[in-house]
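*Asks:* Using the sequences and the accompanying hints, generate a full structural model.
As they're listed, the protein sequences go chains G and B.
17 is the number that our numbering gives to position 17 of the first sequence; each next residue is one higher, with no gaps.
1013 is the number that our numbering gives to position 13 of the second sequence; each next residue is one higher, with no gaps.
These are computed hints drawn from the structure, not numbers from a lab.
Ideal Cβ placement from N, Cα and C applies to all residues, glycine included.
Please note: incorrect hints may appear among the correct ones.
Below, in silico cross-link-like pairs of lysine to aspartate or glutamate (DMTMM-like), each with a Cα-Cα straight-line distance of 20 Å or less [as the list claims (entries may be wrong)]:
1. Lys44/G / Glu1053/B
2. Lys15/G / Asp63/G
3. Lys62/G / Glu85/G
4. Lys1026/B / Asp1083/B
5. Lys71/G / Glu85/G
6. Lys44/G / Glu1005/B
7. Lys1056/B / Glu85/G
8. Lys1056/B / Glu1015/B
9. Lys1056/B / Glu101/G
10. Lys44/G / Asp1083/B
11. Lys1070/B / Asp1083/B
One-sided and incomplete, this derived list gives chain G residues near chain B with beta-carbon spacing under 7 Å [unchecked claim]:
12. Ala2
13. Ala5
14. Pro8
15. Tyr10
16. Gln41
17. Gly42
18. Pro61
19. Asp99
20. Thr102
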Amino acid sequence: EAGVAQSPRYKIIEKRQSVAFWCNPISGHATLYWYQQILGQGPKLLIQFQNNGVVDDSQLPKDRFSAERLKGVDSTLKIQPAKLEDSAVYLCASRHQTDQETQYFGPGTRLLVL
Amino acid sequence: SQQGEEDPQALSIQEGENATMNCSYKTSINNLQWYRQNSGRGLVHLILIRSNEREKHSGRLRVTLDTSKKSSSLLITASRAADTASYFCATDAGGSGSRLTFGEGTQLTVNP
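*Replies:* So this is what it looks like as C-alpha cells:
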C-alpha cells in the first residue's frame, strides 16, 4: 500500500512570496490533516478535512493560509504572502474511516522563507 | 502551555541500554499515542494506549499511562543505534475528528 505522498520535498522562497504544497493521502482515507512543525517543536494541527469538507481550521492563520480538498482526495495548502516565521516542515496525514485512531504521515515539505 | 510535554528534552545512551521518556498532559484524553521521527522524515506511529489501559507492550516498547497523574512513559528496551530519533507523545481528546495534540518531543541518541 502506498503511503501519503507530498510535494515538493523542499522549497525556498523570499518573504511576501506565495507557495503551495500538495498532498495525496492513502487511497480510501477520508480524513486528511495538515500540520506545521517548527524546528525543535512538535507538529501543530492547521486544518482537518473529512472528505472535501473542513472539520477543524481553528488554528489556521486564515489571513495568509488557505487549504482545499476539492474532490475529497488530494489537498493543497497555500501560503500567501509568506512570512519568515512560516519556515517549518508542513506535514500531511491521513486516516481511514474505520480506524478512528491512527494517522499516517507523509514525509513533509520543508519550507524556508528568506 | 503545551498539551503533551515530554521530558527529558534530550537523552543520550549507549547501545543495549534502556531509554525512558515521559509525557505529561493537561486535559482529559481518549487515548495517547507515541510517534517516532527520524531526521528529515515524517512521523511514524509506534503505539497507542487508551484511557482505560494502564500498560501496553509492542516488541521492545512498553508504554504506561497514569490518568490520575495525567502522565505516560515510553520505555525502549535494549536500544539500538537505529532507535536514534525524536519521540513525540500525542493526545487525542476523542470526539469527532481524532485531533492529535503533540508535545515538544524527546531527542534520543543511541551511541554504538
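*Asks:* Does each hint hold? Answer for all of them.
*Replies:* Taking the hints in turn, this is what the structure says about them:
Between Lys44/G and Glu1053/B the alpha-carbon distance is near 26 Å, which puts this suggested pair outside the 20 Å criterion. The hinted pair formed by Lys15/G and Asp63/G meets the criterion: a straight-line CA distance of about 15 Å does not exceed 20 Å. Distance hint between Lys62/G and Glu85/G is fulfilled; the C-alpha atoms sit about 15 Å from each other, no more than 20 Å. Proximity of Lys1026/B to Asp1083/B is assessed by CA-CA distance (about 28 Å); at most 20 Å being required, the pair is judged violated.
With a CA separation close to 31 Å, the supplied pair Lys71/G and Glu85/G exceeds the 20 Å bound. Taken as a hint, the Lys44/G and Glu1005/B pair is honoured in the structure, with Cα atoms around 13 Å apart against an allowance of 20 Å. Note on Lys1056/B and Glu85/G: the hinted pairing is violated, with a Cα-Cα distance of about 39 Å set against a maximum of 20 Å. This hinted pair does not check out: Lys1056/B and Glu1015/B have alpha carbons roughly 23 Å apart, beyond 20 Å.
In summary, the hint linking Lys1056/B to Glu101/G is supported, as the alpha carbons are separated by about 16 Å, within the 20 Å threshold. Of the supplied pair hints, the one linking Lys44/G and Asp1083/B is violated, its CA atoms being roughly 24 Å apart against a limit of 20 Å. A threshold of 20 Å between alpha carbons decides the hint, and for Lys1070/B with Asp1083/B the separation of about 26 Å lies outside it, so the pair is violated. Violation of the interface hint for Ala2/G is found here, the shortest Cβ-Cβ separation to chain B being roughly 14 Å, above the 7 Å cut-off.
Hint on Ala5/G is violated. Least Cβ distance to chain B is approximately 11 Å, over the 7 Å limit. A cut of 7 Å between beta carbons decides the hint on Pro8/G: the least distance to chain B is about 14 Å, and the hint is violated. With a least beta-carbon distance of about 10 Å to chain B, the hint placing Tyr10/G at the interface is violated under the 7 Å criterion. Satisfaction of the interface hint for Gln41/G is found here, the shortest Cβ-Cβ separation to chain B being roughly 6 Å, below the 7 Å cut-off.
Hint status for Gly42/G relative to chain B: holds, with the closest Cβ pair at about 3 Å, below 7 Å. With a least beta-carbon distance of about 18 Å to chain B, the hint placing Pro61/G at the interface is violated under the 7 Å criterion. The restraint placing Asp99/G at the interface with chain B is violated, with a minimum CB-CB distance near 9 Å, outside the 7 Å limit. Contact between Thr102/G and chain B, as hinted, is supported at the beta carbon level, the nearest pair being about 6 Å apart and thus within 7 Å.
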